[in-house]
Structure formats: structure tokens, C-alpha cells
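There are 2 protein chains.
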Amino acid sequence: MGIVVQKYGGSSVATAEHIKAVAERIKKAHDAGSSLVVTVSAMGKTTDRLLRLAGEVSREPSPREIDQLLSTGELQSVALLAMALHDRGVAATSLTGPQAGMKTTGRYGSGVISEIRPDRLRGLLDEGQVAIVAGFQGENALGDIMTLGRGGSDTTAVALAAALGAERCEIYTDVDGIYTADPRVVPGARRIPIISSEEMAEMAWRGAKVMHPRAVELGALYGVEIHVRSSFSEEPGTIIREGKKMERLETRETLAGIVHDLDVSRITLSGIRTGPGTMSRIFTPLAEGGVSVDVIVESAPKEGASDVAFTVGRGDYEKALKLAGEVAGSLGGEVEGEEDLGKISAVGTGMLNRPGYAARMFASLGKAGIPIRMVSTSEIQVTCVVPAGRVEEAVRILHEDFELEEMEERDV
Amino acid sequence: MGIVVQKYGGSSVATAEHIKAVAERIKKAHDAGSSLVVTVSAMGKTTDRLLRLAGEVSREPSPREIDQLLSTGELQSVALLAMALHDRGVAATSLTGPQAGMKTTGRYGSGVISEIRPDRLRGLLDEGQVAIVAGFQGENALGDIMTLGRGGSDTTAVALAAALGAERCEIYTDVDGIYTADPRVVPGARRIPIISSEEMAEMAWRGAKVMHPRAVELGALYGVEIHVRSSFSEEPGTIIREGKKMERLETRETLAGIVHDLDVSRITLSGIRTGPGTMSRIFTPLAEGGVSVDVIVESAPKEGASDVAFTVGRGDYEKALKLAGEVAGSLGGEVEGEEDLGKISAVGTGMLNRPGYAARMFASLGKAGIPIRMVSTSEIQVTCVVPAGRVEEAVRILHEDFELEEMEERDV
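So the sequences go chain by chain: A and B.
Letter by letter, the first sequence follows residues 0 to 411 of numbering that gives the first Met the number 0.
Letter by letter, the second sequence follows residues 0 to 411 of numbering that gives the first Met the number 0.
Simulated from the structure, these hints should not be mistaken for lab results.
Hints may contain errors.
Copies of the same chain look alike in the list, so a pair counts if it fits in one copy or across any two.
Unchecked claim - Simulated crosslink set (DMTMM-like; lysine to aspartate or glutamate; CA at most 25 Å straight-line):
#1 208 <-> 233
#2 19 <-> 47
#3 19 <-> 181
#4 102 <-> 118
#5 27 <-> 59
#6 44 <-> 16
#7 27 <-> 55
#8 366 <-> 339
#9 318 <-> 262
#10 318 <-> 118
#11 366 <-> 30
#12 19 <-> 55
#13 44 <-> 55
#14 26 <-> 337
#15 102 <-> 216
#16 26 <-> 400
#17 208 <-> 338
#18 19 <-> 241
#19 19 <-> 59
#20 321 <-> 391
#21 19 <-> 404
#22 26 <-> 55
#23 26 <-> 297
As the structure is a computational prediction, the values presented were derived from the model and not from experiment.
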């Protein structure tokens, strides 16, 4: 049997009891003959506790030292998990990111994996050991620890699977897969057994919290099959694999699901003079200020002036409003902000050959009297920004109108 | 000015407030122009907490994984201390043991420093930075983390001072130096301003807890001057430096101090057949069993049989009794154990040319009716094993009879 990479999140290793349960699961897979590489996050609230300490000793902790500090959370989990495996008679060795050959580049706090040198990992697998790798970290060219930033633990797992040519990468989390909509909002939401990497990446970007889009995209790039499963059950979960692109035109007209996000604010620059370079003048300062911009809409110019609107998360709202206000002023226009918005996206490769999906979506929302503030579409998704208070209602309506509950098993 | 190595123990960095206080002290030394290398232990009870977790996931945690786990405590302290220094405008970089070039050999959990490659440390000092090194750890030939075992943090500091040719090594602790006796037992005990490495090593082995003898001996070996000071005061502390050996015979007849230890158990093998190799037959199994033996006394053989007695700490008592019992049986003798003993040692190079010290010690104890169970002497110390309940009384009597309270400043 081939190599399997498993990843367990912080809630799966939150206590000694949790760690023992994870060890049992690993033992089962090991006894069944898999060559296992396991990557683990820090225990439960460890990272929060360490960040609080950092805040107590320093007003503005240096990113390098934050990385040095935070990386210890994962080191503790891997050592404890190795011990729990030994106790069950399973040979296992824990490795720090650097020991596992994870090389990183980029900035402290948001490192990027540049290379994995898996010699030591392969050596352990050859000995029949379970290799347990501290997630979320690697070593840069200076020999310093870097953390990988958002989605770093999922990304570690997928990158390891790619580097080792693993059969699959299993992501264990606190839910049992990807659903056609958030089951807390839509009780009839179905688990999606198989989804394409492209669809999954869109769903992740658009608000599905289960897996980070960065890891999904890395999986797509290297053709890694990802299984999302619950660490607390034996349910089969969701399989994410490369879409069969050549067959797309034959695909049944189906959606993968509806995702939503309640953390949306909109900023509108109105009456600004437009010309070549206007968009760059608006968005370069935002990018330099570290603001993540999501949906962008530009109205058709009228008498040399137009409106540009974009959305950001709550955390970036004040900063974005200030920066956009400065640009708007210099372009003879005004800025306006609106908080408490949300967005709903319908995602699926089935939309590719059916442009009517967007129209059906607008009609469904319109019939319910839900105002659409912004629209953004791409090949495989349609996103509508609506008032936050109407988002859950909108998700339920779309899930029903698109008949996601009744849909048959679909192929990707 | 030269390089100064400072070491702060776990109680000195127990909370964010403590860490900030340590940072202030480092800033002062840095502003005064010293090139500083600082090594720190894990915060307060961190190590205990991690060991408890290990005990919860495993009945017999592997030493390698324990080291991987425990090393994180120091990593957290160094990162937090670096942040606190940045906040005070002091350039500082934290380093793990491996990053600081600490190479180790030996067994996990009791690593020995084999080499220090101080290139990165020197680079930081050349840039005017404070280098903060995680104590108690290094990297073995496999690239694995090893902790240094008992006294490892003090040893890290002294080894760094030796490798860097530092002017001195400052050990900050919760007491303000070495005393002529434990001040909690003898209120009139005096702080010793200067003590020789030899005397300090004896005092440390005989029960003085302030510094670990391993670090003292390393300091003696490399001629590192060690200052023991309180991290909570500005008192001058105690200076440990190489004794002026050539002048010994001229030295005034003085003692350094009286140390005591309440954790002593005695095991006696009586009536055993003696011959060449007997001692080895007794003590080899103990050494292999990891039992630390302290005082050993063999009575003169009578009719081919003799008694051998030795002392061990409470933690090793049961194991030692069992192992010694097996040997005693095979040698035709019996074993007997006695717990609740203690020992008192008078230490000082002044004893070298005054063999009368032992006699005075026996006389003082005898006059007070304190029974002496065992005696051990060396060039610079006399140790008596007495009932634990009489130890403190004995310390007070000897401190007074040897006039340690009135003694003038002494040279070493």
C-alpha cells in the first residue's frame, strides 16, 4: 500500500484524551498497512495563549520572534502524539518542520513552502515508522523558524503528500465533510461525496471554512487527492480530486453547493475620474497596506466619471475606508462605506455551460425581496452581496430552488 | 568591553512581568556597553506541566520525545524575552539550542555538550545584538533535540562563556549568592563574596542548591569566572573563580561554609565475603540501574568478611535496596536500610593543611549528642551522615563553633 498523509487540526488534539483518540485512529490505519505521515496543529487554544503572552511582554512583537514562539505549539503536539503511539506499540518519530525538511521563503508569519527535502521522512517510512511532522512551520535560508500563516496546517499536509507522491491526503476536522450548504443554516444540506479541486477552491474562497483554499489549490497543482473527514466519526467524508476537464461539456448541469460568508463590508468610491491606471491607483495602496480585497465591481463610466466598489472583511474595514478615501479625494470623488453585509455564492462546474444559473439566482433572491448589492461571476461561481441579515434566508432559498437536497450523486 | 553571558532561571521568567524585569536588567548591561549572550530556562512551571501531559498520554514516554516536548519551554522563554527587549529598543535575536550551535552527545534526557559552534552567536554580537539562547538543549548528530538533564541550564551558560572566551558568566537566581550555611537554618550565615571553583563544586555536590556542580566544574575546567547573583536585587552576589593553587599552603585556615542535605538514605551490606572485585560486584549493578551513590564506606575486613555501606537519595532507595540485597545474598551477607538521614559537610581549602578540622567537627557534634552514622573526607571537605532530625541543629552548632559568622573576608 502507498503513503497516506493525515492531518489533524487543533480541536482534534485539544487534550490528552483527544490525542489518545487520534493515536487509536492512526494505529488502525498503520495496522491496515498504510505508510503514514501525520501532521498536527497546536493543541486547542495554545496559539491564543502564546499570542496573549507575547502581547503582555511587547506592544509590537517582532514577526520573527512570534514565529519562534508559535512554532512551539506544534512541537508539543507532535511529541505527545508520538508518545501516545509508542504506548500503543506503534513505532513513531516526531519531527519539527526543519527536521522534516520543510524549507520556506517569504515573510515571517506568512511563510511559503519553497521545497521539501523528504530524506528523513522516507527513511522513517522505510523503517515502518509513523512520521509525525509539526505542521504550520518550516525553516528559511537563515535557519530560522517560519510559520506558514493562514491555512498553513492544511497546506503542510498537502505539500507533504505532493513531495512524497502520497496516495492521498486525509484532512481530519470537526465536521464530516463538505456540504451543499452550511448544515446549521440549511438542515437538509447534503454531504458532497466528491468535489473537484476547482469547485472546492471556489467554495473555500467564498466562505466554506472546512479547508483553506491555499491547500486546495496546492492539491490541484500537484494532483493530490484530498479526503476531508471527521476526527470524531467513521463517516466517509468528502473527496476532493482533479476535475475531469475534457469531459466538462458533457457534465450534467449540477451545482456543487451554496456557500456563504457573513463577514463582508463594502466600500464605494463614487464619481471618480477614470482613465488608464485608475484601478491601480485605488488598489495598490490597499495591497501595500495588507488589506485583502474580495469582490470588485466597476460601473460603466458616464461623462468621464464612474463608481468603483469593493468588499473587504470586518478587520480591514477602517483601514480600507481611510485609504480609499484618500484616493477618492485625489480623483475628485467621494467614498462611502457599508458594513453588515454578507455574500452567497453558488459554486459548480455545472454552471460552465449554463449561463442561466446567474439569472435563476437573481430571480430567486428577487422573489424573496432580498436586495442584491453587488454581483461577481466567474466560470464556476456566481456571488451576490446582500444584507447580512438576509444571508441565511438566501442560502435556504437557493438550496431549495436549485434542488440541491434532491440531487443525485454527481461525478466531477 | 568583553562578552558577558547571563543566565536566568525559571523563577526569574515565570510571568510576563518577570520577563519584562529581566529585559530591564539586560538593557542596563547592554547600555553599559557589554556584549551580551543571555540564556534562559523555561517559564516557572512549564516543564512540570509538559511532563504531566506526557504522563497523561503515555505510561512510559520515550526519552527522545520527552526531549522534543520539554525543549519547547525554553523556546517560548527566549522568544518572549527577545520581544520584551525589542520593546525597550534593544536589538536582540532568540536562538534555539541548535541555532546557537550547541552540539550534544550522550543519552536523551541527559545530553552532554560536545561542541559549540558559535559563528551565528558571534555574528549577532558583532552587530551589537543581544543573543538569547534557549538553555538546557542542543542538537545531536542525528539532528534531534536533546536536553542536557540536571544542571543543564547553568551548564549551557558556562559552556557558552567558555566557547566565547567571555569575561564572566552571571548566574541569576532567587537568592543573592552562596552563604556560609543555609540562611533559613542559620540566621547569622554570611554571604561568601569570593569562593574557589573547587570549594563551590564540593558545596554544590554536598547539598548547596544554588548552582549545579556540573556547571561549576565546567567553569573550573575552562577558567570561567562565575558570578552568582539575585535577579530580584542589585546585591553583588558571590564570585566563583579558580583558586590560587600555588598559594594554598599559605592560605589562612578558613572554611568556606557548611552545607547540608536532608535527602539521604543509607544501605548497609553486612557480613559479606570480600576479595578483589567485591566493590565492583556491588556497585556495577547500581550504576547500570541508574542509581546515584554518594558516600561509600567500607569497614576493615574481619575474618574475611566486612561491611560496606553507602548513601543514596530517597528516589533511588527502593531500587538500591533491592539491587544491593541480591548482591549481599550472593556474597553470604545481609542487607539493611536506614531512611531519614541527612548529611552535613564542612567545605574549604583551609582544611587542606589542618587535618584537625575533622576532629573538631566530631567533637562539636559529639558534645551535642548528635550520633554520626558515617563519615567521608576528602582534601577540602568533611562530611558526616547524621539523623535527618538533627541536621539543622548540627549546621547551627558547626557554623558557630567554626566561627563562620565572625570570619573576615577571605581570599581564595
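Going through the numbered hints above, which ones does this structure break? Give me the numbers in ascending order.
Of the numbered hints, 3, 10, 11, 14, 16, 18, 20, 21 and 23 do not hold.
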